[in-house]
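Protein sequences, first through last, are from chains A, B and C. Quick note: the first sequence, position 240, residue 354 per our numbering, numbers continuous. Quick note: the second sequence, position 77, residue 79 per our numbering, numbers continuous. Quick note: the third sequence, position 114, residue 115 per our numbering, numbers continuous.
Think of the hints as simulated: they come from the structure by calculation, not from any bench. Any given hint could be a false lead.
To be verified - The following label-pair restraints were derived from C-beta to C-beta distances: (1) A:GLU185 with B:ASN38: 31 to 41 Å; (2) A:MET347 with B:GLY127: 40 to 50 Å; (3) A:MET347 with B:ASN76: 45 to 55 Å; (4) A:ASP373 with B:GLU193: 29 to 39 Å; (5) B:ASN97 with A:ASP373: 21 to 31 Å.
Note that this is a predicted model, so its numbers are computed, not measured. In this text, a Cβ means the ideal position worked out from N, Cα and C, and glycines have one as well.
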Amino acid sequence: MLKILKYSFYDLMRSRWSYVYFLFYLILGFVLLFLNNDVDKAVITLMNIIIVLTPLIGTIFGVMYYYDSKEFTELLLAQPINRKKIFMGQYLGISISLTLSLLLGLGIPFVLYGLFKSAAIFNFSLLLVVGSFLNFIFVALSYNIALSTENKIKGFGYAILMWLFLAVIYDGIFLISLVLLNEYPLDKFSLVATMFNPIDLSRILILLKLDISALLGYTGAVFRKFFGTNFGMLISMGVLVLWVILPVFRMNLKLRKKDF
Amino acid sequence: MIEFKNLHKQFGKLVVLDGLDLEISKGGIFAILGPNGSGKTTLIKCLLGMVIPNKGEIIFDKKSVLRQWEYRNNLNYLPQIANFPPNLTVIELINMVKNLRPKGANDEELIELFGLKNFLDKKLGNLSGGTKQKVNVVLTFMFDSELIILDEPTNGLDPIALIHLKEIIQKEKDKGKTILITTHIMSFVDEVADEIVFLLDGKIYFKGTIDTLKKQTNNDNLEHAIANLIAKQDA
Amino acid sequence: MKYKILLFLFFISVAVAAKQIVVCEDCGIKSIKEAVRIANDGDEIFIKKGIYKEQNITIHKSISLIGEKGAIIDGEYKGGGLIFEANNFKIKGIKIINISTSYTVEYAAIKVVKVDGFIIDGCILEDVFFGILIEKSKGGIIRNNKISSNRKGEAGSGNGIHIWSGDKMEVYNNEMWGLRDGIYFEFVKNSTIYKNFSHNNIRYGLHFMFSNNNVYHHNEFRNNGAGVAVMFSKFIVMHHNKFRLNWGSASYGLLLKEIYDAEIYDNLFEQNTIGLNAEGSTRINYINNTFLRNGWAIKIAGACYANIFLHNDFMSNSLDLSYNSNVNDNKFDNNYWSEYNGYDLDKNGIGDVPYRPVKLFSYIVNKTPQALVLLRSLFVDIVNFSEKVSPVFTPDDLMDNNPLMKRIND
């Protein structure tokens, strides 16, 4: 598996798109920090971008890599390697190279800016952790979609739809149902609904640091327990890990029956 | 050496292999033929473990291959379409495949033979289709394995490379290897194959030497003999 | 001239007559109560190091009570500490501990009743019910004290510095924590509160009720249950205070209720659930304050008229403004809003398009509080944007016409 990982990783690290992605974050980091001069605001803007963009890029890279390397994968499948290892290697290769683009792209400008002296270091590292999680989650999700869809165009479409659903539509339905069901106790519902969407979950994790003052304004006991203690942080992190494990698990399950 | 027993495979409603039984003995070149959609590629992919049959058993070297992967160390495969990671160089790819298999390889000899020396440091994404196919051939033949499977090996090769390919195939056969080939080029079959396995509707329709086929169909030309075979089925 | 000399001699003789009474474990006078009994007006009682287990020491004489370092009055949870009922007293450097809780009597470490002129300086009051309780007095100075407690619940705890009916008080350099209210003013006028640090109190860091014409400045209020409350008062000036880290469902940096004609300037509101909550507040000028990373920078409930918000910094608050009434000629002008993303083509430092501080989302959260979990979601941003383009739910005349492009207090 490590061998496959190594080669997928090399392959991607040399791709133009990895550089574009890296440069995008690099420029973004510089612009936010040096034209703005306000770390708090930069972190907030960055959060808005990371929770929308990393899933999108993860999704696109995931399906693209799967379909583009289909024939090569077949060549690998004819080698004496367990097929699970081939795909886990590819999956990790993509996820790690994307994560590296993110970490370096944003890390360099922040280090140059002197973030390590700033109090925002914790918020910023949380942002990077969440971004990395989103990479791993969405590459896994898109690989699931690609594995289940023979047709490249369809697979691409489904993947983009999944992103659109989780990034925008889910929250829309969520908000509308909250407003419509206003009369009922919704504390648990709203927290549980958050858990079912990795983007929302990541957002909550960052909110726990950035907007804790606002979150504690709500009276519900469940909310208070969730947001007021480390409980919320632990649960969110735990579920985020599940969001990586479950799609990877399903990927392996799918692989056992998949024909190439 | 290889034994397919009552092999069934269905893609959705489409039945591709329908209780196929086939035995291939050690040594010799076997051409697997059949009209489009007759299940040639599926049969090979079942053997390679890429397609998982709904029912049946495949024995290779006295062991079942289903859900196994170690046996593939004793098997070389030339895929139909040569498509490699575009950002790796040729030599990196060769080294990678060597890296994946725990046995020696004679890649240098083959690189020399196919004139790939000048391409070794080029990225695979920049190579022409023919060159890629040459790389493909090198990757396939550089290992010493009992079984060699070639899926449309002549695709995109220039005449000189084709001659080299035929030579290699012959050489491997002389070493006592078993070689399975699928192709549509009948002249190629006529030239290299010892036996023909003809697939139709997911079953073995004919298995035997080229001469037997020609006699059976009363036809001296292989292409016509095969056409005859299909026509008889339709009648 | 003769008379003047006589008067002078008289004062000298009084000064000379004033004596010092020393209290200590090995002295002739072993208890404070005894010292007080033999003291005359103008005397000084010097309390040496030691623990004095005495309660409810009532003093009717204008004396000074000075403590050596380590002089402790232990109330043993049997009542209050000192009770002063004479003008012009002074108390300095005494530690008073263990004052009992009562639901009927307001026990205090230092209680002052109907006194004109006093100084309470450098006392440490620990584990008290009420710290300093002042009734119907004027002209007092309360400075350099540390008052703390650890009682649970609002009903079972008292206030740090509690003044009921007072005039011309000066409260400075004190630190209060673990009490119900750090400082409580009721019917107090013409008084000043400055450079105090009131933190981790159960209810308010500072609480005004029916107290007019007061000033408080350069104080820090941190981590109190509900922040600072100014209620039913007129002509209060609040400046250079820091309101920080007041978290909770009913927590504010500053709560204003039924307030008229106040000046609020140069304050910092940082990381409070609600930076400023105003209700029934009229003719108030908010100038040059900084609202930094609050949940809601400002919440305005009903009946607020003629308030002016000028030159304030609104930095990275979750929501800038929540408004559930009409605009009522409140005015926002020339503020800096970090959320503002307009442009300044003429380079005059003022954004060319107005800023609307009320988002649709803050309107939704008012109706459906749980919707808060969707804060900063892309969908919410889209909804806010469409509302910004054509306001339907939010008051369309509420805007800052001249939003600044740069922070004022960087």
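Okay, the hints, checked on the actual structure:
1. Distance hint for A:GLU185 and B:ASN38: a CB-CB separation of about 19 Å, inconsistent with the stated range 31 to 41 Å.
2. Judged by the Cβ atoms, the range 40 to 50 Å given for A:MET347 and B:GLY127 holds: they are separated by roughly 45 Å.
3. Evaluation of the 45 to 55 Å hint for A:MET347 and B:ASN76 yields a pass: the beta carbon distance comes to about 53 Å.
4. The supplied range of 29 to 39 Å is met by A:ASP373 and B:GLU193, whose beta-carbon atoms lie about 32 Å from each other.
5. The hinted range of 21 to 31 Å is satisfied by B:ASN97 and A:ASP373, whose Cβ atoms lie roughly 30 Å apart.
The structure does not agree with numbered hint 1 stated previously, though it agrees with all others.
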